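A.B. asks: For chain A, the structure is supplied; the task is to place chains B, C and D on it using the hints.
There are 4 protein chains.
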Amino acid sequence: MNKKKIFNDPIYGFITIPSDLIFDIIEHPYFQRLRRIRQLGLTDLIYPGALHTRFHHALGAMHLMGLAMNTLKSKGHDISDKECEAAQIAILLHDIGHGPFSHVLEHTLLNNTSHEKISNLIISELNKEFKGALDLTEKIFKNTYPRKFLHQLVSSQLDIDRLDYLKRDCFFTGVSEGTIGADRIIKMLEIHKDQLVVEEKGIYSIENFLTARRLMYWQVYLHKTTVSAEKMMIQIVRRAKYLAQQGEKVFASEPLSIFLQNDIGYNDFVKNKKYLKAFLAMDDFDIWASIKSWAHHKDYILSTLCKSLLERKLFKIKLSGKNFDKKEIEILKKELYRKSPEKLLDLSYFLVTGTITNAAYVAQGDKINILMKNGNIVDVASASDLPNIKAISKIVKKHYLCWPKSLYLY
Amino acid sequence: MNKKKIFNDPIYGFITIPSDLIFDIIEHPYFQRLRRIRQLGLTDLIYPGALHTRFHHALGAMHLMGLAMNTLKSKGHDISDKECEAAQIAILLHDIGHGPFSHVLEHTLLNNTSHEKISNLIISELNKEFKGALDLTEKIFKNTYPRKFLHQLVSSQLDIDRLDYLKRDCFFTGVSEGTIGADRIIKMLEIHKDQLVVEEKGIYSIENFLTARRLMYWQVYLHKTTVSAEKMMIQIVRRAKYLAQQGEKVFASEPLSIFLQNDIGYNDFVKNKKYLKAFLAMDDFDIWASIKSWAHHKDYILSTLCKSLLERKLFKIKLSGKNFDKKEIEILKKELYRKSPEKLLDLSYFLVTGTITNAAYVAQGDKINILMKNGNIVDVASASDLPNIKAISKIVKKHYLCWPKSLYLY
Amino acid sequence: MNKKKIFNDPIYGFITIPSDLIFDIIEHPYFQRLRRIRQLGLTDLIYPGALHTRFHHALGAMHLMGLAMNTLKSKGHDISDKECEAAQIAILLHDIGHGPFSHVLEHTLLNNTSHEKISNLIISELNKEFKGALDLTEKIFKNTYPRKFLHQLVSSQLDIDRLDYLKRDCFFTGVSEGTIGADRIIKMLEIHKDQLVVEEKGIYSIENFLTARRLMYWQVYLHKTTVSAEKMMIQIVRRAKYLAQQGEKVFASEPLSIFLQNDIGYNDFVKNKKYLKAFLAMDDFDIWASIKSWAHHKDYILSTLCKSLLERKLFKIKLSGKNFDKKEIEILKKELYRKSPEKLLDLSYFLVTGTITNAAYVAQGDKINILMKNGNIVDVASASDLPNIKAISKIVKKHYLCWPKSLYLY
Amino acid sequence: MNKKKIFNDPIYGFITIPSDLIFDIIEHPYFQRLRRIRQLGLTDLIYPGALHTRFHHALGAMHLMGLAMNTLKSKGHDISDKECEAAQIAILLHDIGHGPFSHVLEHTLLNNTSHEKISNLIISELNKEFKGALDLTEKIFKNTYPRKFLHQLVSSQLDIDRLDYLKRDCFFTGVSEGTIGADRIIKMLEIHKDQLVVEEKGIYSIENFLTARRLMYWQVYLHKTTVSAEKMMIQIVRRAKYLAQQGEKVFASEPLSIFLQNDIGYNDFVKNKKYLKAFLAMDDFDIWASIKSWAHHKDYILSTLCKSLLERKLFKIKLSGKNFDKKEIEILKKELYRKSPEKLLDLSYFLVTGTITNAAYVAQGDKINILMKNGNIVDVASASDLPNIKAISKIVKKHYLCWPKSLYLY
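Residue numbers (my numbering), protein chains in the order written: chain A, 1 to 410; chain B, 1 to 410; chain C, 1 to 410; chain D, 1 to 410.
Read the hints as simulated data drawn from the structure, not as lab findings.
Small disclaimer: the values here were computed from a predicted structure and weren't measured.
No residue lacks a Cβ here, since even glycine has one placed at the ideal position from N, Cα and C.
Hints are supplied without guarantee of correctness; some may be wrong.
Which stretches of chain C does chain B cover? Using the computed rule of at least three CB atoms under 8 Å from a CB of chain B, they are [as the list claims (entries may be wrong)]:
| no. | region |
| --- | --- |
| 1 | 177-190 |
| 2 | 201-211 |
| 3 | 256-264 |
| 4 | 391-404 |
Computed list of lysine-lysine pairs in DSBU-like fashion (alpha-carbon distance at most 35 Å, straight line) [as the list claims (entries may be wrong)]:
| no. | chain 1 | residue 1 | chain 2 | residue 2 |
| --- | --- | --- | --- | --- |
| 5 | B | K4 | A | K339 |
| 6 | A | K139 | A | K390 |
| 7 | A | K373 | D | K3 |
| 8 | C | K394 | B | K390 |
| 9 | B | K224 | A | K3 |
| 10 | D | K142 | D | K193 |
| 11 | C | K241 | D | K277 |
| 12 | C | K274 | D | K231 |
| 13 | B | K394 | B | K367 |
| 14 | B | K224 | B | K398 |
| 15 | B | K390 | C | K139 |
| 16 | C | K307 | D | K277 |
| 17 | D | K277 | A | K201 |
| 18 | A | K373 | A | K139 |
| 19 | C | K326 | C | K224 |
| 20 | C | K273 | C | K139 |
| 21 | A | K5 | A | K75 |
Just chain A, same shape as in the assembly:
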């Protein structure tokens, strides 16, 4: 069977599958499942084109990784075919641990378990199934392989993941000003003592990459209406879990039921394989099907939240640089109580506060390093030509406050 398939990508034109092993991984049900998990959760409520999936993003990242490998090889670095393939598989699987609605429900469906940890588990599983063919991939993914630049291409502040998702999210949202020069950045990559660095003449592309990412955070990922919709969904799942654990009947697919009735965390995954299996059986559709059913649930809180989300009657939201005044919240609460039906006791589902943060560049830890023409290595935030990188390398934190326009919607 010919496994040299090509995928159409409106961004890159064509994506060619480089090897039989990679073809088989793409065909695997675990990977096909990513077709049913959107990259940007609920963002399509604000940007209607933003329906692209983790599946497509993973393919795109694999494609860019191939370009990066070619660039580095053309600069004289010896990278074996095995290493290339492993790096491409590592980026292909970097998001395999995402569950329904990715980041949105990451800490509501599961107990303190990041998707990276689950990705690790799944890659190990796949490696067993593929009889060790993913050994090198695992090493790169877990950063135990000596050639560190390979891991850095998979996960760092200048990884291929970001290059693809920024390009892709811009494209599908239509926020054209977030466009980055992924091609140019890749052409500027270099290796210095096994670490990934960027040639000096690429610094303005890096500057643009960091400011574009910052823009995308405010304009898209942390768009206030997106935040509002996500907080609603979190409250929905929180309520459903509460009801389920109280013994109430809440409609759910079999795997979703498990995660509603129990608080499952990383250790459970390790102890009992059924949890990972159930996790891998879920996708966005499980949640949507439940929300559509819960819109008619007898619990007023659950049904109101679900109907509101389905009909896009979203919470109002206020952002602020500082903590909201307790009095302001108190007044709002009283107003909500006054308007609320008797049966509603728990306002915590309707008056939601918290913080969001945007870090364009984190100066600590894993830096983006520039290889100067004189041979020196300089942190991008210290480059004298880039005063603004330092300016945006502190974490910006904003407080949000969400509440419904009315409680008598239904």
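C.D. replies: Only chains B, C and D this time, still in chain A's reference frame:
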């Protein structure tokens, strides 16, 4: 409340909502539901970017209708604000009658009922709700308004629907060669005796529009793998209906249950409002949630079909210009019987035949008329400069034959 | 010195120079001269973005040739690095013989000498200079190399030249509906008995390629206003030659003077090297500089034509499927005589007739061959699925008639 | 005659000419002349697609001005048709005073005369010719009209000029990461006390606009190779002027001769109309024609510089944050002397130093003002959410040093 919202569209840049009434229609749950119905059904299994919805398409078509109105007004035609708004609403709602998976399940979920007829019913419902504000829209939609060009812009061989969907489907699939000059075509529109015509100098854009549409049919809408996936989904719903009507328990949302347990057609919709209400409560998610559940159904036929679709193990498919040889089918059948588990008796779910057709331009009936410089009106298929339009104005018919690679998948 | 330069191309992103030899050819003054010859002559008078040069087109074609080589190699064909490089150089130099304004002045500046013949001479010259490094290139270019597909990629009805120029001309004119799927076509290329063929599943891309090319001819290359401007330029140079050969002083750069004062043809180039040298010293700027000067020439015909072109006061133009009626021309002539200043005797510069032709696909000779799934080779115009190719494979011929709106412009 | 023409623009699709007066201005020879002046001078030597003209840019800016007018009117501001038209004409003519090679030769061909001052003169001339129809345009252009926002749209740190040129320069160079959200910025424009302001929710688009502009300066406008080519051209014209004023014969078109033989400045333009007329007869072609001729001039300095530029044998260039060490220059000078032919005495044409500056945002004077939700007006550089704007609002200055690789080129 400010209703002058704008939508981001990666294709047109920004789409502005032109009036308060249109804003209220877009906010209506019936219209918001289109956010959950994909424009191209299962096409994303072949073109992973093709996830765009009927919601986005309807907004885009409304935008283009606005441009068409402006062009016609700038050419001296008197079109009132009311007519403009009604034409924009008519195109906004032209697909409101689509159910889950649009065309794919149009004749499986329902009994001989086209989506246009349902659109009619829904527009009438909305008109009541909006207290007659859609009177003119209804007339345009049903073609009872004397100024025929308005209906032709909503529904004809050169309607705004096609202009938007061709542009949109090209964009999201990445099949760039299907691109049409929607802008140029709109600039070339004219009115002649209340009929829509195209200025002579636009003929090559029309030629390209027709050949591009033909290409999109073969390359996307009737792509053999797409056909295969769609036929699988039809068999799935057919089997589920069969089981449901046999009294078997098949998982389904409440509204979907109604359509599985009963054969509902246009008359039922007219007689009993609950059917339309149930129909309007369904979207792609109802079907996906069921398919995910049915993958574990005890009925071998149903579960096998569902698992195969979810894991993208699609039927093989053969296309042919002529009927398949009965012998060929017989041999295939025997082979399938031989390989099939005892419990499988009904091969009709696994060996599927039928025909697909592609009509680039239908020379009968509602023609595309060219206004020649000398004042004559000429059917585009008779224009001497366009010999190829005549050549592609016959309907091309192909026979297909689908069957699974193996029956022991699970 | 590092010769691994990259060029920015708004169409392909980046174009990498694949070898040192190719770098040196690009640096050669003969090739750099193509920076000063526009791809589309005077088309920017109609499509203001159409300013791209033969230099950029040649680089783009070289890039696509590289992709084609990779595709063919990935399908198992053994193509040596030398062959790849030679094919890339051949396409890089395929237009090297173009003079100022390319096709427009091809038969006015020179005597019955096609640019291909001059390209041949120049490639021979370069081969001498590069000490035989272009031997294989010459063979491919002149079609004496046994592996015919290499020449077909350089020059045939489906050559890389056309793939690039269609993409490029669409992009810079903004005629988006002319877009072709160059990527897809290249992926579908195959070799069969040393001949270039296209895989069956690529037929709709080929159909689109042929109809898009047809569209570009009518919409751009033979746009009536373009034709009018080109005919004016031809009359200008014809008049200048006439005056020069009458002994009148007409301003011209040294090399241009040679071609104005003499009727130089292919044999002259072969006999005396100074002619080729002079030819290679000319570009669009020589013509423009003269036209700007001639706008003030005392010869009324020359100055009127030049001023009109510079100020974009173009001839009116009429196209017709049949010969213009002699009477119509007679009347027009009389009208022009009546209005013309006494000093104007020769109307042949102002009343210009002739024919233009558009052949979407020439069924004779060098066909586009499809490799059917059953192994047969079929001419694209005979493929049963493409009835329109046959329809457009006859040559369409139109007669034109140009004349100035007024003769008292100045 | 129908003056409702449309222009194809690969960026905006179609540009419609909004009025007969604007049509007549576009047809005017002064404006048509901009077809022969490139927007980016010699940048195509580095980015081969960057051949677009001031003509196209002016049309694009006129188009965006129309969008801006519509946005402001839709927000309830009363702007008359006359004001709209005048604003569109003002932006259409904002660059009319540019001479050959725009900024490159601005201070070499003329004596201390900015192109804005010449634009003023030309607009006055046109106003006379159009019998006062440009009165309002003149007021807006000269900022004597009370509604200041109109002038700010024509000339300020957030003017329509910049919105178009950034979009256009990105598009044609292919530097996609310089893309700005011109559409979004225009949608965010507001008027506050007759001053142009930006709605608060547009701040990230403004941030991106400023950083993108900064990037385009380093990556394109001040690209070191561009600077090198421009400095060569300046030396060429400086040398030609020197020779001409010494009485040497240097080839030039009539108008160019005037500017070579004399040092003409603003006062001369005012005193004697022939200078403006001569200026308006020049364009890029006059310079190129001379350079091509001068490449064979007997003056070694002139001919060497010209040949080098034509064959793209550009000066080497070094950039530095501080002044170059005098010793370094001295050594370089000696080396050049040692290698130079006897006849070469004046090294100032070959060893060129100077500074370039990049000011992403100038905090002094004409600020970009944000209209906060609370009604306050805040300078964009003081917005607390934009720490990086302050960081890039200082002027960055770099020193350059250019010299030829060899002096024995010819």
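A.B. asks: All the hints need checking, so say for each whether the structure fits it.
C.D. replies: Consistency of the hints with the structure:
1. 177-190: Coverage by chain B holds for the region 177-190 of chain C (6 residues, Cβ < 8 Å).
2. 201-211: That given contact holds, which follows from 6 residues of the region 201-211 of chain C lying within Cβ reach (below 8 Å) of chain B.
3. 256-264: violated (count 0)
4. 391-404: Holds, because 4 residues of the region 391-404 of chain C bring their Cβ atoms closer than 8 Å to Cβ atoms of chain B.
5. B:K4 / A:K339: holds, 29 Å
6. A:K139 / A:K390: holds, 33 Å
7. A:K373 / D:K3: violated, 56 Å
8. C:K394 / B:K390: Holds. K394 (chain C) to K390 (chain B) sits at ~15 Å (cutoff 35 Å).
9. B:K224 / A:K3: Satisfied, since the Cα-Cα distance of roughly 18 Å is no more than 35 Å.
10. D:K142 / D:K193: holds, 19 Å
11. C:K241 / D:K277: holds, 29 Å
12. C:K274 / D:K231: Cα-Cα ~33 Å, so holds.
13. B:K394 / B:K367: holds, 14 Å
14. B:K224 / B:K398: Judged against 35 Å, a Cα distance of about 11 Å means the pair holds.
15. B:K390 / C:K139: violated, 43 Å
16. C:K307 / D:K277: Since the Cα atoms of K307 (chain C) and K277 (chain D) sit roughly 15 Å apart, the hinted pair holds (cutoff 35 Å).
17. D:K277 / A:K201: violated, 44 Å
18. A:K373 / A:K139: Measuring from Cα to Cα gives roughly 32 Å; hence the hint holds.
19. C:K326 / C:K224: With a Cα-Cα distance of about 21 Å, the restraint between K326 (chain C) and K224 (chain C) holds, given a limit of 35 Å.
20. C:K273 / C:K139: Holds. K273 (chain C) to K139 (chain C) sits at ~23 Å (cutoff 35 Å).
21. A:K5 / A:K75: Holds. K5 (chain A) to K75 (chain A) sits at ~29 Å (cutoff 35 Å).
Going through the hint list in order, the structure does not satisfy hints 3, 7, 15 and 17.
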